[in-house]
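Asks: Chain residues, written in single-letter form:
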Amino acid sequence: EPEVTQTPSHQVTQMGQEVILRCVPISNHLYFYWYRQILGQKVEFLVSFYNNEISEKSEIFDDQFSVERPDGSNFTLKIRSTKLEDSAMYFCASGETYTWGNTIYFGEGSWLTVV
Amino acid sequence: AQSVTQLDSHVSVSEGTPVLLRCNYSSSYSPSLFWYVQHPNKGLQLLLKYTSAATLVKGINGFEAEFKKSETSFHLTKPSAHMSDAAEYFCVVSGKAAGNKLTFGGGTRVLVKP
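Read top to bottom, the protein sequences are chains A and B.
If you count the first sequence from 1, position 4 lands on 4 in the working numbering, and the numbers rise without skipping.
If you count the second sequence from 1, position 96 lands on 1096 in the working numbering, and the numbers rise without skipping.
None of the hints are false.
Restraint-style ranges between C-beta atoms, simulated for each label pair:
1. B:1109 with A:74: 30 to 36 Å
2. B:1068 with A:58: 26 to 32 Å
3. B:1016 with A:58: 39 to 45 Å
4. B:1069 with A:63: 39 to 45 Å
5. A:99 with B:1072: 20 to 26 Å
6. A:99 with B:1109: 28 to 34 Å
7. A:99 with B:1028: 14 to 20 Å
8. A:10 with B:1017: 32 to 38 Å
If you're looking for bench data, these hints aren't it; they were derived computationally from the structure.
Ideal Cβ placement from N, Cα and C applies to all residues, glycine included.
Using the sequences and the hints, build the whole thing.
Replies: Structure representation (structure tokens):
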């Protein structure tokens, strides 16, 4: 069964450093997402991406964050200058369409620890 | 606006006994509802989804959920728990007004005792 893959599975970085989290969505999907879960909190939406541009972003997704689809397969989340509060599990997800009710498939997540 | 409340943060059951995970939602528009499961060190896997067809939805691994609009609930059940059901379960809502953005509940961690 096709799946969303994410790398790295775990990354430790120093505060202020740049981090890039990588994702390979399911190959025929057109819509891509990042969600995150801070330890002990709910999974929350960060951003959705379609046709090489952001479709929607949450209040969390400020200027420190950016997303990119640099080639036909990868989808990345960059955090320019990490803060302690960016420590979380980051989930990449993809979907075939943006239709209400369409299934979104998630990757296994990337644990980011900022020290 | 939409929101999801999972009424139990932890549920403990004995193997072979029924499982009930409770979920209430709030949505301004007709919701689409999902249950996802996350096993340790694994990603979020879709168990089942409701999108305005039959109110009783059957999913994988013997799970099912019933959409009750009058109670704004979407509880997840399984007649007989298996050790492999130990995981965290998330109730998720997507409303038409929110595009396909998902709103998650807080999760319910299920412990299955032998």
